[in-house]
Amino acid sequence: MIARRSSPGFGRAANERTGQAHKADLCGRADGDFVLACAGSDHLASRLSTAFSPDFTLTCVGVRLALLGGTVLKTLKLPQGLFKYQSGRVIALGRVMLATMYLLALALGRSEPERVTAATYALLFLYVAAAVGIAAATWRNWWLDARLAIPMHGVDMAVFTAIVFSTNGSTSPFFLFFLLPLLSAAIRWGWKETALTATSLIALFLIAGVLVADRGSFELERFVIRSGHLIILSLLLIWFGIHQRLSRIFLTLADYDSGLDQEENPLHRALGFVVQACNAGGGALMMAPTGEEACEGFSTGPTGLRAFSLERPIAHDEAYSVFLYDLARDRAVTRLLEARFHFVPASRMLAVEEALGLGAREGLVTEVRTGTHQGWLVLWAIPDLSTDFIDLGRELGRVAGAILDRHALLEAIETGAAARARLSLARDVHDNIVQFLAGATFRVEAIKRAATAGAKVGPELDELKRLLVEEQGEIRGFLLALRRDRELELADAVAELRALAERLSQQWSVDCRISTEGEKASIPIRLQLDLQQMLREAVANAVRHGGANRVDVGLAVERDRLQLRFADNGSGFRETTGKDLAEPWSLKERVERAHGSIRLVSEPGSTNIIISLPLAGAAA
Amino acid sequence: MTQVLLVDDHPMIAAALEMLLRESDYRLLGRARTVAEANRQISKLKPDLVLLDVNLPDGSGLDVLRKLSRSRSRPRVILLTAGMDEAQLLGAADLDPEGMVLKTSDPELLMQCMDTVVAGRSWVDSEIAERTRQAEAKAASAPPLTRRERELVELVRQGLRNRDIAAELGVTEGTVKVYLHAIFDKFHVENRTELALRAAELIDR
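Chains as they are written, first to last, in our numbering: chain B, 1 to 620; chain Z, 1 to 205.
For the record, the hints were derived by calculation from the structure and aren't laboratory data. Every value quoted in this text rests on a predicted model; they were computed, and no experiment measured them. Even for Gly, the Cβ is constructed at its ideal location relative to N, Cα and C. Certain hints may be false.
As the list claims (entries may be wrong) - Which residues of chain Z face chain B? A partial, calculated answer using Cβ under 7 Å:
1. His10
2. Ile13
3. Ala16
4. Pro57
5. Asp58
6. Pro107
Take these sequences, add in the hints, and give me the full structure.
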């Protein structure tokens, strides 16, 4: 029976990366021959999650034994990462346990081989010895693990056929053995290899069935049921193989989303993340603009962080996008998606001198691409480097690229915001200072002409002087605001607004008062300049359009917004000739630029303008 | 005495001009602060001369000029501006107002301009004339429209929205936006309205 984990468990397998262990969910039985366990759990689940869709885990007896073994090892406080990214180990250990168990079962006489007893015992002895030898030899040797993967796969299938054939054919208790090669293929390779393995196993099982069909012990019903099991399970594993290639996620966005610091060098940040993700002793990330060869990079190791530059990329042009390498033995292994391993000399893939210069004798190399740059990530001194790191490396490369892209995006947004702020300030300068100076110049010309004509110009000169002094104050406030840090306390902003309100009261002969309520807050400089301008425009509108002699300004901070309310006692916001409510154009435009909203409640005798501005977004 | 209407939203400029014209041969009939107000005041007051600012709160002074240029009898117009970008300079050159003066120039030049325009001739500030020449040279040297851009401009001229243009050309709305902005940049056009207005000129290049 195959049990599917219920939907709430979706994605839990992905969390295995964080080392959290989940308890096994279920063990189902089917006709007494094999057990399929649906487990969400332990370090094995993370391994299996590389073979299946993250929301499925599937184990057989052999693998379950490995799971139990893993649990025991964990209980003995052995390293957590013993089976993490180690499908080769799981398969080798599963093979040892399965072979040993069958040998014991035979020795205890429960399943005496029907034919060629001595040969069967010899085969099993040899197989156990080979399984132990392979497990020991490949435990820390990714090269050998990759090299022996296909030959041992063939051996597993041959042994399955021989053992089933020699122990009661279709009723053999060792029928379950077929799961080992099938799972091995699903874990190690893609769906095509799994399908090939499944087809071979089914064919072998059917041939064995036909060959023993004339013997008295043949049970047609059991043979058909088992053939059905074999086919259904094969189809499921092939499906898992296809699915896992599409949905394999070693690292999720959440892993590197938090704590992204704009100030930190993005290369440093990306490198730090991937080095930590695979627990590497050292790493280097070097990037060049797309199409160029000279690259800049950072390396990290026991001696700390170091910036460097290279004339050429560290990996050669013909190099695969991800590979494991060992410079001492001049060998490297890679594979394309869903393909078998490819073995090549490391010197053909990697610039040996540069790699040695970094101290990267053995490790993982993966390509990193961003929207504008391309480069390589080299990781070395990875504990228990295995062939699984080829796929992990591909993901790490993507994550490093995503971190760099994300940083570039944030930088672009920041630059865009700064550019918009500059434009906005330029507009303020133009609207206020340039226009004022132009007006003042016109006035001087008018006074000059009046004086030439013999008119009295004293009062005009006094008025011009007053306006100039006022404007001087405005400009000083404007420059002070520009010189300040990015934010200022609301209380300071209000003090400046009060001073402005006083000046406006004199200029427009109104009583303009400001009241505040709400919590303490900091506001962006841009918003402060906007507030001042809005106050100027609101007072001017109240006097010009409504003939008001009193304007009350209320400021309140509510959560992340600043609420601004202008209330005047004018005749309402109506145009002199029309009947429609006139829009306070410039005010509205300014509020929209600050990403705020404006509401106008106008009636004879009073006008209320209610403005809501975001405290955070106003910097843009 | 020449009847003058001022279209400008800045109070300082308005007050200064009112004073400047006080002892002159010009009489200030009134002042409009927005495009809508300007259109109304021009029909109502029928001034001989309009001093027209380009940047107004609800639109461009060029819109006022464009509307006036379609009418049979229109007042003489002097653009009075604190600065125009390339698109505005080209737009203004097309509409051919009688005068163009920078607010930042010597005010004597405004009076000189007004006198020249009232006398039936045109007067353009030398700085504006030079910048217009540069903008025209730049626009002329811009590469011609590609076939795709030509199709897109034509559809913009027909008043289609981006979504409809995308459906018409069989591309995404995002692609239409990218194309449009490339055309805006290429021909120093600010928005699709301006592009639609200049469509004929761009397509016939």
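Hinted contact Pro107 (chain Z) with chain B - closest CB pair below 7 Å:
holds (4 Å)
Interface hint compliance - Pro57 (chain Z) to chain B, C-beta minimum distance less than 7 Å
With a minimum Cβ separation of about 4 Å from chain B (threshold 7 Å), the hint on Pro57 (chain Z) holds.
Given a cut of 7 Å on the nearest C-beta pair, is the interface hint for Asp58 (chain Z) held or broken against chain B?
At about 5 Å, which falls below the 7 Å cut-off, the nearest Cβ of chain B leaves the hint on Asp58 (chain Z) intact, so it holds.
Would the stated hint for Ile13 (chain Z) survive a check requiring a Cβ distance to chain B of less than 7 Å?
holds (4 Å)
Is the interface hint satisfied for His10 (chain Z)? The criterion is a beta-carbon contact with chain B at less than 7 Å.
Interface hint status for His10 (chain Z): holds (5 Å vs cutoff 7 Å).
Hinted contact Ala16 (chain Z) with chain B - closest CB pair below 7 Å:
holds (3 Å)
Taken one by one, the earlier hints all hold for this structure without exception.
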